[in-house]
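Since the structure of chain X is already known, use the hints to place chain R on it.
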Amino acid sequence: MDTGSQTVTGKDRYKSGVMEYKKMGYWEPDYQPKETDIIACFRITPQDGVDPIEAAAAVAGESSTATWTVVWTDRLTAAEKYRAKAYRVDKVPNTTDQYFAYIAYDLDLFENGSIANLTASIIGNVFGFKPLKGLRLEDMRLPTAYIKTFQGPATGIVVERERLDKFGRPLLGATVKPKLGLSGRNYGRVVYEALKGGLDFTKDDENINSQPFMDWRERFLYCMEAVNKAQAATGEIKGTYLNVTAATMEDMYERAEFAAELGSNIVMIDLVIGWTAMQSMAKWARRKNMILHLHRAGHSTYTRQKTHGVSFRVIAKWARLAGVDHIHAGTVVGKLEGDPATTRGYYDICRNEFTEQRLENGIFFDQPWASLNKMMPVASGGIHAGQMHQLLDLLGEDVVLQFGGGTIGHPMGIAAGATANRVALECMVLARNEGRDIVREGPDILNEAAKTCSPLKAALDTWKDVTFNYTSTDSPDYAVTATAA
Amino acid sequence: MRMTQGTFSFLPDLTDEQITKQIQYCLDNGWAVNLEYTDDPHPRNTYWDMWGHPMFDIADAAGVMMELQSCRKAFGDRYIRLSAFDSSHGWESVKISFIVNRPKEEPGYRLRRQEGNGRNMRYTTEPYADAKPEGERYPI
Numbered sequence: 001m002d003t004g005s006q007t008v009t010g011k012d013r014y015k016s017g018v019m020e021y022k023k024m025g026y027w028e029p030d031y032q033p034k035e036t037d038i039i040a041c042f043r044i045t046p047q048d049g050v051d052p053i054e055a056a057a058a059v060a061g062e063s064s065t066a067t068w069t070v071v072w073t074d075r076l077t078a079a080e081k082y083r084a085k086a087y088r089v090d091k092v093p094n095t096t097d098q099y100f101a102y103i104a105y106d107l108d109l110f111e112n113g114s115i116a117n118l119t120a121s122i123i124g125n126v127f128g129f130k131p132l133k134g135l136r137l138e139d140m141r142l143p144t145a146y147i148k149t150f151q152g153p154a155t156g157i158v159v160e161r162e163r164l165d166k167f168g169r170p171l172l173g174a175t176v177k178p179k180l181g182l183s184g185r186n187y188g189r190v191v192y193e194a195l196k197g198g199l200d201f202t203k204d205d206e207n208i209n210s211q212p213f214m215d216w217r218e219r220f221l222y223c224m225e226a227v228n229k230a231q232a233a234t235g236e237i238k239g240t241y242l243n244v245t246a247a248t249m250e251d252m253y254e255r256a257e258f259a260a261e262l263g264s265n266i267v268m269i270d271l272v273i274g275w276t277a278m279q280s281m282a283k284w285a286r287r288k289n290m291i292l293h294l295h296r297a298g299h300s301t302y303t304r305q306k307t308h309g310v311s312f313r314v315i316a317k318w319a320r321l322a323g324v325d326h327i328h329a330g331t332v333v334g335k336l337e338g339d340p341a342t343t344r345g346y347y348d349i350c351r352n353e354f355t356e357q358r359l360e361n362g363i364f365f366d367q368p369w370a371s372l373n374k375m376m377p378v379a380s381g382g383i384h385a386g387q388m389h390q391l392l393d394l395l396g397e398d399v400v401l402q403f404g405g406g407t408i409g410h411p412m413g414i415a416a417g418a419t420a421n422r423v424a425l426e427c428m429v430l431a432r433n434e435g436r437d438i439v440r441e442g443p444d445i446l447n448e449a450a451k452t453c454s455p456l457k458a459a460l461d462t463w464k465d466v467t468f469n470y471t472s473t474d475s476p477d478y479a480v481t482a483t484a485a
Numbered sequence: 486m487r488m489t490q491g492t493f494s495f496l497p498d499l500t501d502e503q504i505t506k507q508i509q510y511c512l513d514n515g516w517a518v519n520l521e522y523t524d525d526p527h528p529r530n531t532y533w534d535m536w537g538h539p540m541f542d543i544a545d546a547a548g549v550m551m552e553l554q555s556c557r558k559a560f561g562d563r564y565i566r567l568s569a570f571d572s573s574h575g576w577e578s579v580k581i582s583f584i585v586n587r588p589k590e591e592p593g594y595r596l597r598r599q600e601g602n603g604r605n606m607r608y609t610t611e612p613y614a615d616a617k618p619e620g621e622r623y624p625i
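Protein chains in written order, with this note's numbering: chain X, 1 to 485; chain R, 486 to 625.
None of these hints come from the bench; they were simulated from the model.
Keep in mind that this is a model prediction, so the values were computed, not measured.
Cβ atoms here follow ideal geometry from the backbone N, Cα and C, with glycine treated the same way.
Certain hints may be false.
Okay, the calculated bits of chain X under chain R, using three or more residues with CB under 8 angstroms as the criterion [what the hints assert, rightly or not]:
#, region
1, 149-163
2, 220-229
3, 232-244
4, 261-269
5, 428-439
Partial list, computed: chain X residues near chain R (C-beta under 8 angstroms) [claimed, not checked]:
#, residue
6, Arg13
7, Leu109
8, Phe167
9, Arg169
10, Pro340
11, Ala341
12, Glu353
13, Thr419
The following block holds chain X by itself, in its conformation from the complex (with noise of 0.2 angstroms):
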């Protein structure tokens, strides 16, 4: 939307009293952002009435220097600097009261290395406001300056590669269920059973830390157990994502202390720790070769809905600053939320080098990583080994797919479960390195390797009509629109 600067300068500009976010400086439409500003893409839904350039300037405003009077202190500072300044307004492409605003950042009001800093000053105050129906934080460009100041994913998917000696295809993990009440002895029997099957990793779920049926120091022992053994019946490097949420940090370091010392190569967190536990856990993983996995538990309560909350495209990023290294970024196919065009974009935000702006995945800006660690995407949720050609084409290789309940499952029990999906894995993989088209071959493929493998055969007979087709809540605005060549 095209209106000029309505900002109120010299000795009017702090006569005592209340002044239009849009003429205290905070809508400036002819700023150019510069390469060090962080900027943030923002859904505004104005309350009826409420002018959506007056609702953008008041959004920069909040999130940054101002508050809901003039007070004259902000001429001890230099206030043009650290007003954030929203320079454009889009209406929402199919809305009729939604907007698009862009507001730049100055990088002199954060501080380094801190995603709580961050977050205070973008989702703080501002996502309360009255004037506002609705607020979404929809994506933003972090500059090579900010990002230079954070440690990244702890060990990144090549070293995590290098250290479980597994490349060229997707790693393959289950979540133990049930996720409740099972003892530490029965808990252990399913991590051996998975991983000695043939997948990589087993899992902790988001909500098992230390009930009374099973205390901490029970599972991470009896699963360590499994883990060797798994790895001396396979020759192959064996995982397990042992659970450190706990209700304190010192909670946190002594069960993933005790992890280390048992010799486990991998540790997890939720996200519900919050953004400084994640960090400090990022820290402790670096220093102690962990390497870093993160449930996003608790997220969809703000990235789900369009119209409120922060887009899991932000969550992604932040959580790549705060240096992860698997993160939870949906299935597509699966069970939980996740439009293909979006959740590529979650996918290329975890793995590029350089994620270039493509409004039709959502993605509102070009993105330079600075060579911070890649991330690990994990698949997870009512997946199966019969969807295997499409996991592979929509997700690619550098990802974990979690087959929870298409392993523990199977028909033939928890190994057949895993040798299933293990099979299904590789002969798709070989499929699509031979040059052959798996998306429509994909089940040919599968019904060919199943001839040799009964569990597979099994595994596509149990499952192979569930599908989970719903209208996804969260699509992206810009369809795919021919460029200039």
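Just chain R, lined up with the frame of chain X:
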């Protein structure tokens, strides 16, 4: 037992025709193919012995297959793996790695446990074949 390191260990042993196609895939991606052999299949045995340098300058799969045949002739009693390196920035590591030759018999691994305090266990994995010196571990 069957040692399952490598990209395709859960499939039946690849035929030479299948191996050729995978090599072509590597070459089409601009990766350098490398052959290595060992008779120590410990999962942490990273440095298998190299069959010459990675083949940076071989452009066709047939050339790599000739090298594989020579390697098999010399070390057919051992594990041979074919890997491919991607030298592009941001990766600079192995892209694929799979077994192209196995010993006739794979005796597997012993898991040793050393009991520590508080049920804490030290685990050690030992290939049974390691009991003999290098070169004498697998029947020819």
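Hints, verified against the model:
1. 149-163: Per the Cβ count (3), the hint holds.
2. 220-229: Since three or more residues must qualify, the claim that chain R covers the region 220-229 of chain X holds, with 5 doing so at under 8 angstroms.
3. 232-244: Result for this restraint: holds, n = 6.
4. 261-269: holds (count 3)
5. 428-439: Holds: 5 residues of the region 428-439 of chain X have a Cβ under 8 angstroms from chain R.
6. Arg13: Given a least distance of 48 angstroms, the restraint on X:Arg13 is violated.
7. Leu109: violated, 30 angstroms
8. Phe167: Hint on X:Phe167: holds, closest Cβ of chain R at ~5 angstroms, below 8 angstroms.
9. Arg169: Hint holds; X:Arg169 Cβ to chain R Cβ min 5 angstroms, cut 8 angstroms.
10. Pro340: violated, 25 angstroms
11. Ala341: Nearest chain R Cβ about 24 angstroms off; hint violated.
12. Glu353: Holds - the Cβ of X:Glu353 comes within 8 angstroms of chain R, reaching about 4 angstroms at its closest.
13. Thr419: Given a least distance of 7 angstroms, the restraint on X:Thr419 holds.
Hint violations for this structure: numbers 6, 7, 10, 11, all remaining hints satisfied.
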